[in-house]
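Chemist: Chains A and B, in that order, give the protein sequences.
Each position in the first sequence, counted from 1, maps to that position plus 546 in this note's numbering.
Each position in the second sequence, counted from 1, maps to that position plus 546 in this note's numbering.
The reader is advised that the hints may include incorrect statements.
No copy labels: a pair is met if it fits in one copy or bridges any two.
[What the hints assert, rightly or not] As a list, the in silico DSSO-like pairs of lysine-lysine whose alpha-carbon atoms are at most 30 Å apart:
1) K576 to K736
2) K964 to K776
3) K671 to K550
4) K776 to K706
5) K860 to K550
6) K576 to K706
7) K860 to K677
8) K671 to K887
9) K706 to K785
10) K550 to K736
11) K785 to K906
12) K688 to K576
13) K964 to K688
14) K906 to K833
15) K833 to K677
16) K550 to K688
17) K550 to K775
18) K677 to K688
19) K860 to K688
20) K677 to K964
21) K785 to K688
22) K677 to K776
23) K833 to K706
24) K550 to K785
25) K671 to K964
26) K688 to K671
Hints in this document: simulated from the structure, not taken from any laboratory.
The structure displayed is predicted, hence computed values, not measured ones.
2 protein chains.
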Amino acid sequence: MPDKEAVVVIVGGGFGGLAAARALRGAPVKVVLIDRVNHHLFQPLLYQVATSVLAPGQIASPIRGILRNNGNTTVILGTVTSIELASRQVFVDTQDRATVPVSYDYLILATGQTHSYFGHDEFEKYAPGLKNLADAVAIRNKILTAFELAEAEEDPARHKDLLTFILVGAGPTGVEMASAIAVMVHSTLKRDFRRVDPASARIVLVDMGPRPLGTFAPELSQAALERLKKLGVEVMLGKGVDSIDDEGVMVAGERIASRTVIWTAGVAPSPAGRWLNAETDRAGRVKIRHDLSVQDHPEIFVVGDTASLEQDGKPLPGVAQVAMQQGRYAGDLIERRVRGKASPRPFRYFDKGNLAVVGKGFAVLQSGKVQMSGFGAWLVWAAIHLQFLAQSSLRVSVFVQWVWTYCTGQRGSRLIVKHHAN
Amino acid sequence: MPDKEAVVVIVGGGFGGLAAARALRGAPVKVVLIDRVNHHLFQPLLYQVATSVLAPGQIASPIRGILRNNGNTTVILGTVTSIELASRQVFVDTQDRATVPVSYDYLILATGQTHSYFGHDEFEKYAPGLKNLADAVAIRNKILTAFELAEAEEDPARHKDLLTFILVGAGPTGVEMASAIAVMVHSTLKRDFRRVDPASARIVLVDMGPRPLGTFAPELSQAALERLKKLGVEVMLGKGVDSIDDEGVMVAGERIASRTVIWTAGVAPSPAGRWLNAETDRAGRVKIRHDLSVQDHPEIFVVGDTASLEQDGKPLPGVAQVAMQQGRYAGDLIERRVRGKASPRPFRYFDKGNLAVVGKGFAVLQSGKVQMSGFGAWLVWAAIHLQFLAQSSLRVSVFVQWVWTYCTGQRGSRLIVKHHAN
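If we strip away everything but chain A, and leave its shape as in the complex, we get (with noise of 0.2 Å):
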């Protein structure tokens, strides 16, 4: 063993960061993870927490509890600001004290994406995304208050604009976040009203593709718009939005009056691409060899979803599985070199499969040749995420409070609340 332990600094407590911290727990290294919140976010059940179902607790554990067992771990809460290549540091913002330098021997960058309104950041005021606890929170004061502005209203021409929901993107977010809210308004909502019948709602699902779920196979895009129609919502294909206010927006030249937009569209690379001065792709991404190191730096790693990398000629896509299987690999390859074994294979993706849930009991399904839609695949959905909660007291907790959805249609976490500014 070397005299001095080697340093690994992780920036991002998400799937990628994680994982690679957790392949180095037996390795002779002095872990430091920084991320700019205290919690790991399960963020494919992010839509819950903006739909109600669950609460924020639910879907987030302080990273620190995740990897107490880690006694090499130690844990920052701060903002990286810049690193510096030469001298092997990163800066971080605590809060507290403007820049902290924490050198490293090695670094794993797993900072993740943000949304992206495609040079429209004006958009970003009247549509808010979805990407944190905070967003999600944001968006479930938006629509539980939309309701409440109507159910105030006693002029009932002035309650179709409130309650006409737009969502922009249909992707995976867009297409369960539109199917949440249509069951939402026919379930849990359908008896709580004296002037507005939640049922009445308009859910608009805009864009600019063919067809919703572009990811998966045509055959379970067109299963998931037949079910969108059936549950009342609106689909429209094809179509950009080219603007929005606080009125409403316009749509392929029609104008749509709504109070609720949601952005479900673009997403952003982290600026990892930037702080390294390296080559990025066309969306911003830090492009990476395939053992997932950056050019001329072997001692700088990229995963998740801000790296790049191609895979039998095609981009591996920006979903959690490719975060952990790179984060482990990271981590892996870091622990043989500081033992002085030969490097690992290069990094390979093995696809698992892709899963999206349109409304109650129903999802579509894609892995390999396989194929599902429905029931069947709204249960693997449900089993697979269990699992993958973190923690075991938030998969009792989130297994509980789904049974509970399922059978009553009641939600766990239906609260506005108008937090301070902090």
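Assemble the complex: chain A is given as a structure, and chain B must be docked to it using the hints.
Modeler: Relative to chain A, chain B alone:
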């Protein structure tokens, strides 16, 4: 039955307002319940949200969900801004439209209280109080962030100020908060940090009075005091806070450096007295008659924390039980009057007793001549609080969380979320 149903407007969806709405369930009236938030809050457990044990959704339920089966009740989310006594109208700000008038035949004001800084409103910025869910989340953020800042700080000399927690006011909220923080540093956080020892945190409880829990019997105050000391809480009695700033407090001439000061001292009633232009007591609470109505306005009732009523020469305390009994009384009285029945006997409060928790498995209980302290009182406390939680689904979830926390030391909602202001 009259030609046109009488309209009963209830302002406030706390214990008093909900009890009134429930009492009117079978009455031939139209009820309109107005609240600033969409949820009924189970305030006695609010400190458990502030100390990460419970999630906000576990102690709050949508008011319209609770009153779903009250077919005669409409719930409106809005803030009452004024009352016009002559025309019998309440003016409501509903966010969407500035002021919507709501006419009443009977009015029940159950508007509760807020915290008071006894003329030192400048303290609020540094020492937040604990009255609603947003407050609890803000305090939770503040407490958890203190430990994060200390862990990010490599210089141990700076840890002490960061890990000093000061609670101003040793009533039930102060005692419950202080002991909950003490339990947290010795159990939940024990193994999560590498650079700081959470158990080294200094927890200081300050009060002007001679003993904690001043409304309980002296023997119980003594038991609580001993328990607090055993938990490692420093209790400073007979001492006032002279000033608070972002670096600490000045207590009776002594400077205590601290980055986390929490205000658990004073309460002030809602502006109901101002709205009514009615006679108030020294604290600002509306003086009411023994049928809970306001002088010269037999159609207006004030209940709960914002009302002032003496019984056997002593003012009734500002506790949930008084609010619930008064709310029920006001509702019953209105139903009798509408049905042309005789008025009920004057209101009389039946005191079932008081409880306060001091850490894990320890409470003090006072009910008539019965006084208890210890584990037995804590079991009574747990049973009563579970029983009173408004919704059965919350009851199960809180019970499961308590058992989990009791056995493992782990808490349910240890999240720092920087919410968007809205």
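Chemist: Give me the numbers of the hints this structure contradicts, sorted from smallest to largest.
Modeler: 2, 3, 5, 8, 14, 16, 17, 19, 23 and 24
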